[in-house]
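K.L.:
What follows is the residue order along each chain.
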Amino acid sequence: MSTVARLGVSFAGPLVTFQDGGRFGGLRFGVPASGPMDRLAHAAANASIGNDPDATTIEVSRGGVVLDGVAGSVTLAVAGGGCIVDHRGTAEPGWTVLTIRAGERVSVRAGAWGSWSYVAIAGAPVVTRWLDHTATHSMSGLGGGALVAGQEIKVEGARVEPVRDGEIPVPDFARSTGRVRVVMGPQDQHFEDDAIAAFRSSPYRLTDAFDRMGVRLSGPPLPLREVLSIPSEPIVRGSIQVAGDGVPTVLLADHQTTGGYPKIATVVSADLDAFAQLRTGDVVEFEPIDAAAAVALARARADQVTEFLSMVASPGRTITHRLRAENLISGAVSGQSVPGTD
Amino acid sequence: MNVALAAPSYTAVGDCGVLVEFATEVSDAANDAVIALDRAIASARVAGVTEVVPAFVNLLVVFDPLVSDHAQVEAAVRSVAPAQVDSVDSVAAGRHHVVSVCYEDHFAPDLAAVAAATNLSVEAVINAHLAAEFRVAMYGFAPGYAYMSGVPAAIQVPRKSAPVRGIAADSVIIAGPQCLITTIDMPTGWSVIGRSATQVLRPDASDPFLFDVGDRVSFSRVDLAAFERLVAER
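Which chain is which? The protein sequence lines are X and F, in order. Position 227 (the first sequence) corresponds to 227 in my numbering; numbering is contiguous. With the second sequence counted from 1, adding 342 to any position gets you my numbering.
Bear in mind the hints are in silico, worked out from the structure with no lab data behind them. Here a beta-carbon is modelled for each residue, glycine too, at the ideal position from N, C-alpha and C. Please note: incorrect hints may appear among the correct ones.
Unchecked claim - Dumping the calculated SDA-like pairs for lysine to any residue here, alpha-carbon to alpha-carbon at most 25 Å:
no. : chain 1 : residue 1 : chain 2 : residue 2
1   : F       : 502       : X       : 247
2   : F       : 502       : X       : 50
3   : F       : 502       : X       : 243
4   : F       : 502       : F       : 531
5   : F       : 502       : X       : 245
Claimed, not checked - Calculated from the model, a selection of chain F residues having no Cβ within reach of chain X, i.e. all distances over 12 Å:
no. : residue
6   : 458
7   : 479
8   : 482
9   : 494
Use the sequences and the hints to build the structure in full.
P.N.:
Below, the structure is given as C-alpha cells:
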C-alpha cells in the first residue's frame, strides 16, 4: 500500500545533502555530474529496497544525520563505509534495511571506516530538482540542497517492506586497499622525471582539505619542469591536478569542470568510490596502468556491480540470500588485503 | 580567413576520455578549431560518446567505457574532423547576444582601479568595454561560467594577487583578455566592472544556459533605474 510519510531532520552535520545518480551531460556548461561520492554504496542502498539505483538518497558525511518519524511509516536502507545505524535502542555497524515509524528515531553516524553513507527511502522524497536532477552541487547549492535541522522531508508513495529488513552484505571492493590505479596524464610530460618517479612510488596521505570537490594530498612534492600556465582545460572526476606548490589534489564528484593546473594522472573509475571513502590521514599508493587496461577494468567492475546489485535487490533477502551473497562476495575480489585505517 | 594549425594531438584521459589538443597557447585560431570539431562530433553522433567539452585550445571527448574505448573514439573523431578550419566568424558563427550591464559605482568596485592601471578615465574604460565584441570561448569552472575572449588591449588588467570574497552573482568581471559574467556568489581575483541584468544561468528555465560556445556577445549600458526594472522583469 502506498501512502505519504514524513521524516523530520533533527540533526544534520555539514555536507549532508540530497544526491541522485548524477547530472550527466553538463560539463560543457560548467556543470559537473555531482551525485554520490560513493556511487556503489548509493546504488546498493537503493537496490536493497527495490528503488532505481539512481534514485535520490541522503548522502551523510562523517558529521552524521538524525531523522525522526513524524507521520506514517517508510522503509529505509543505509549503506556506505562502516556506518553505524541507531534505531530502537540498537546501534549496529553495517549496511542495513529498517522501517521507521512515527515517533521513532534513526541516526546514522560514521563507524570504523568510511567518509560517506547513504540513506535510501522506499518511496519518492519531495526534493528540489535542478536540470532534472536532485543531485546537489555543493559549491552553488543547486539541486536538492543540504539538509538542515528542523526540515521536514515528505515522502510520497512511501512503502513499508519488512521482507527486505536486515543486513545488506558489503562487497570487498567497497573498501580501498590503499592501492589506487591511475592512467598517467594528460599532462605528465610537464613534470620532472623525479616527480613522476615520486608519484609512482611514494605514499600519499589524504589531508583534511577534503570535500565534495576533491581532496588535497600530502607527500613528496611533484615539481614541474618549468613554471607553467597551461590554458584552462577540461577536468574529469578523478583528475589529479598539481598546483604550483607541487601538491596534488584528486578531484571528486563536484569537481570544477576546467582548470589551468597540469594533471599528472587520472584515477580510474573502478577505484574512485572506494578512494572517496578514505579518511584524512589515510595513505594511498598510485599504480599506473595503461588506458586499455583501465577500460577493461571498468568493464569488469561494471559486471561485478551489476551482479552485486541484482543480488542485493532480491526481495526476501534473508539467510538464503545472505549465503548467496557471501559466496559471491568472497569470490569477487581476491588477493587484496584491507589496511587498518583506524 | 584560413588558419594554419598543426595537426591535433590525442591523449587518453583516465578510462573514459580522449583529449584532443590543437595548441598549447590560447589563440582564436585554436579555439576556432575546437569549436569546429565540437560541432562536427555533435552532428556525427559518434557511438559511445556521452559528452564533448570544448575549451580554449583543446576539447575533451568523454565516452562510456562499456560501449567504446580510447582507440575507437580517437579513430571516430579523426574521421569526422574537418580537413580545414576557417575562422569561427565564417564557419562556426554562433548567435549574437546583447547583455545589459549597469556600471554604477556600487556594482563596479574595481572600475576606478582598472582606469588607473590603464591610464584611462572610467568613462573611457566603460566605452572600450561597450565597443568590443566578445566571443564565448568555453564554459568552465562553475555552472554557467562562460569565458568570453575579446577584452580590448587598452583595458586589459592582470588578476589580483589574491581573490576577493563575496562577489555577487551577475557581476561582470575581467582579467587579461577574458570577460565573464558570474552566476553564483563566489570569490574572484578578477576585476569587477559592472553588474549584468541578463542572467547567463537561469536555474528554473528549460534552456538554462544563455550562450553556446562560439556565440558572440556585446554589452549594452543601462542606468540603475533600467537595471532594476530589467531585474524585476526577469
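K.L.:
Indicate, hint by hint, whether the structure satisfies it.
P.N.:
Evaluated hints:
1. 502(F) to 247(X): holds (22 Å)
2. 502(F) to 50(X): violated (53 Å)
3. 502(F) to 243(X): Judged against 25 Å, a Cα distance of about 18 Å means the pair holds.
4. 502(F) to 531(F): holds (5 Å)
5. 502(F) to 245(X): holds (19 Å)
6. 458: holds (25 Å)
7. 479: Violated: least Cβ distance 10 Å, not greater than 12 Å.
8. 482: violated (3 Å)
9. 494: Consistent with the label, residue 494(F) stays out of reach of chain X, its closest Cβ about 20 Å off (over 12 Å).
Checked against the numbered hints listed earlier, the structure breaks hints 2, 7 and 8; every other hint is satisfied.
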